[in-house]
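Asks: Sequence:
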Amino acid sequence: MELLLAGTALSSLSLHSAKEDEPKMAEVFEVLSEASTKAYRALIEQPGFLDFFRQATPIDVVERSTIGSRPSRRTGSAGWADLRAIPWVFSWSQARFFLPGWYGAGSALQELAQDHPKLFRSLREHVREWPFARYVFNNLESGLASADLEVGRWYAELVQDPKLRKRILVHLEKEFTAVKNGLSELFPDSLAKRRPRFRFTVERRVRPLRALHQWQVELLGKWRRLEESGSGDGELLLGELRQTIAAIAAGLRTTG
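The sequence shown begins at 20 in this note's numbering and counts up by one.
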């Protein structure tokens, strides 16, 4: 009972402190929201980005799988307007980019630190006290830790245009580094020290998941070549590809 009362009192005090700082927190997240949206849109509006996405992730397999309650496309075409959110996020997680979970956050934190240093200091001082901020940055950190850009590069090798591949990867790697640097500024202690169980779980999955990803990348290349040839033999590999999708999702314990 004493522990329960102490926990309730501590939570109430934290919420009271958070309420006092709400205007400042709103200002912080207004800057972060605008800057991250700008960076994210600048990426996806890059020429050829949709081609990169469709070739560097297993979106084409996801679209031919019975996953979810709705079709993966709104119509039969493969453009932006027809792509649904769930297949978009799911495909990025399968290729271990986890891009929707972190891209733009690094640019946003850089802008906050450079153009609004007082707001950045306030965020750094109160990130653990503001419930909303703690939730947002814990999720950001989890997405970043779950991403594996080395694996992502394996999938990027499936992109047929080498110039497109290199151009998009440069953006992804630069932003990934910016997010890591931004989080290290907010949280001086390492992830392993602050969230040891989560870090241990992520590291424990690395080797078995990489074996699954290698299998999936190899199958994707073979399947796409068969589909392009029109031989009809691609269906034989589609079942195996669906198995890899299920296995990777189970290993990650998430669909994105």
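In case anyone wonders, no lab produced these hints; they're calculated from the structure.
Please note that a few of the clues may not be correct.
Below, simulated BS3-like cross-link-like pairs (lysine-lysine); rule was C-alpha separation at most 25 Å, straight line [to be verified]:
| no. | residue 1 | residue 2 |
| --- | --- | --- |
| 1 | 182 | 193 |
| 2 | 57 | 185 |
| 3 | 57 | 182 |
| 4 | 57 | 193 |
| 5 | 137 | 241 |
| 6 | 182 | 137 |
| 7 | 137 | 43 |
| 8 | 185 | 241 |
| 9 | 185 | 137 |
| 10 | 199 | 212 |
| 11 | 199 | 57 |
| 12 | 43 | 57 |
| 13 | 185 | 199 |
Just so you know, these numbers come straight off a predicted model, no measurement behind them.
Asks: Does each hint hold? Answer for all of them.
Replies: Going down the list of hints, with the structure as the test:
no.	hint	result
1	182 - 193	holds (17 Å)
2	57 - 185	holds (22 Å)
3	57 - 182	holds (24 Å)
4	57 - 193	holds (16 Å)
5	137 - 241	violated (54 Å)
6	182 - 137	violated (41 Å)
7	137 - 43	holds (10 Å)
8	185 - 241	holds (22 Å)
9	185 - 137	violated (37 Å)
10	199 - 212	holds (16 Å)
11	199 - 57	holds (19 Å)
12	43 - 57	holds (22 Å)
13	185 - 199	holds (21 Å)
Violated hints for the displayed structure, listed by number in ascending order: 5, 6, 9.
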